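A.B. asks: Residue-level listing of the chains:
Protein chains: 2
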Amino acid sequence: MPTINTIGFIGLGVMGNAMAGHLLAAGYRLCVYNRTREKAQNLVDAGAFWCPSPAELAPHCDLIITIVGYPADVEQVYFGDAGLIANARPGTILVDATTSRPDLAARIHAAAAARGIPALDAPVSGGDLGAKNATLTIMVGGDEAAFLEAKPVFDRMGKMAILQGGPGAGQHTKMANQISIAGCLMGAIEATTYAAAAGLDPRKVLLSIGPGSAGSWQLNNMVPRMLDGNFAPGFYAKHFLKDLRIALDAARAMKANLPLLELAERLFAKMSAEGMGDLGTQALYKLYESGLV
Amino acid sequence: MPTINTIGFIGLGVMGNAMAGHLLAAGYRLCVYNRTREKAQNLVDAGAFWCPSPAELAPHCDLIITIVGYPADVEQVYFGDAGLIANARPGTILVDATTSRPDLAARIHAAAAARGIPALDAPVSGGDLGAKNATLTIMVGGDEAAFLEAKPVFDRMGKMAILQGGPGAGQHTKMANQISIAGCLMGAIEATTYAAAAGLDPRKVLLSIGPGSAGSWQLNNMVPRMLDGNFAPGFYAKHFLKDLRIALDAARAMKANLPLLELAERLFAKMSAEGMGDLGTQALYKLYESGLV
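Chains as they are written, first to last, in our numbering: chain A, 15 to 307; chain B, 15 to 307.
Wrong hints could be hidden among the right ones.
As the list makes no split between identical chains, a pair holds if one copy fits it or if it spans any two.
[Said to hold, decoys possible] The list that follows gives simulated cross-link-like pairs (lysine to aspartate or glutamate, DMTMM-like), each with its CA atoms no further than 25 Å apart:
(1) 252 x 169
(2) 269 x 288
(3) 218 x 158
(4) 300 x 276
(5) 300 x 242
(6) 269 x 279
(7) 300 x 279
It should be emphasised that the hints constitute simulated quantities derived from the structure, not laboratory data.
It should be emphasised that the depicted structure is a prediction, and the values quoted were computed from it without experimental measurement.
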């Protein structure tokens, strides 16, 4: 198994910056690129090499991790003459940690394989805190050999990296994750809306319903924020909408009828239309409160 | 505060029988009634007094607990010449632990108060295991004085009895509980349906998504049962449908628009129509599998 010495990191938002920092701290040589250069400064100060484009970053690296915004951004970074696939050395492992389309992950895998480059899709869960504390869950799709090579790198960023299957399986797993979140979050918000309408104290209700079979991470963590009027993004509503649409597209392509997912997409689209896309997912409660549901 | 020596117990199904057993074991004198007498036999053998009707049970008791099937059963036990309200002594505390209509709880409270009888609504969560192990959560509505009198009795049957508000508040809290369950359960089932359609191993997916922000009691407990083909009732689908309809009626009366609750009611009604009402709630997965959603 080849040794991974130099890692490229593209996409240095809140998540990527923290993840890249762990790799630098672990002693890897780190090459970084980000659309907005300033977001790389802390890493460069700590010893990372700035590369002015993905094409210039690619040849230096044994493994390259990308975590960017939308599937269109992923396409741009991977494909074309200036993309990673055209510019990486054969054998370099490409890892897309963006939550993106499963079919795009499969396309990247195929195009990269044609050049002797293994590619993994590896979206994460655990949020900014998980990235900061290196406790992310990493859901991986691709070939086992590449997964095993990349595993020590994953283990620096997260506490649980699992190979879920072939190309796209990481993205599909993340979609299952988002679907479960959608159900728990809407259930929590409707339970709270109901309780408030009934004249109950929703905080006291949470004491009764939070610990038992009605309990969920969303109920126990998001409801207190909502009730405090804290709608700051732990996770942006607009990004969740993006994820729900990816899941819905994939479900339709697989002929899976998922009415809860459809409902979630409708409500988050409505939130976005009302200008709340830059709030956290828990701000869906405001849509219920305003009667716009 | 008057001492509670004799407790009446009406409704000796799986839940009621276990709850009554704890009271007998705690040293209370216990009077029992059930539509099917055989279900009382174990308690009578252990020292409980059999009463042939609610009317004959009522005068002996300082506190009476009912846990029957549907709101219509509750009405029959409480109202009319043969009902508890007409036959209990003033001061006897009436406790309805059935999951029932909040407006019925308010009617019982008012009719009982007119005869000097305090009434509490006190539905429970925690299921058959919670009843057996005396770890139920008890959600109470009514007057504080009656709650405080009844509290030592509640504490023999559950680990958390909370007064949530006035008459009906216990039922409203239980409805909030059921709404959150509906969201978590449907989210878990759609996540699993999606994962299976994508060719993933849903058990492995659960390892990735169960512990984090997608996690819920329903996801982590019901999905393994579904995947094992275990659709035995921990909680009957038909009873959950009853609860969802109570919640939906109440929500409509309060002008609360709850689309997830509406969806849940539609799917569980469909399940019942397909003859799956006597299975557990997790059998909703079969509806998804069969494409009947």
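A.B. asks: A separate judgement is required for each hint: does it hold in the structure or not?
C.D. replies: Structure-based check of each hint:
| no. | hint | verdict |
| --- | --- | --- |
| 1 | 252 x 169 | neither (29 Å within a copy, 46 Å between copies) |
| 2 | 269 x 288 | between (31 Å within a copy, 22 Å between copies) |
| 3 | 218 x 158 | between (48 Å within a copy, 15 Å between copies) |
| 4 | 300 x 276 | both (20 Å within a copy, 19 Å between copies) |
| 5 | 300 x 242 | within (12 Å within a copy, 39 Å between copies) |
| 6 | 269 x 279 | both (17 Å within a copy, 23 Å between copies) |
| 7 | 300 x 279 | both (16 Å within a copy, 24 Å between copies) |
Violation of the numbered hints given earlier is confined to hint 1; every other hint is satisfied by the structure.
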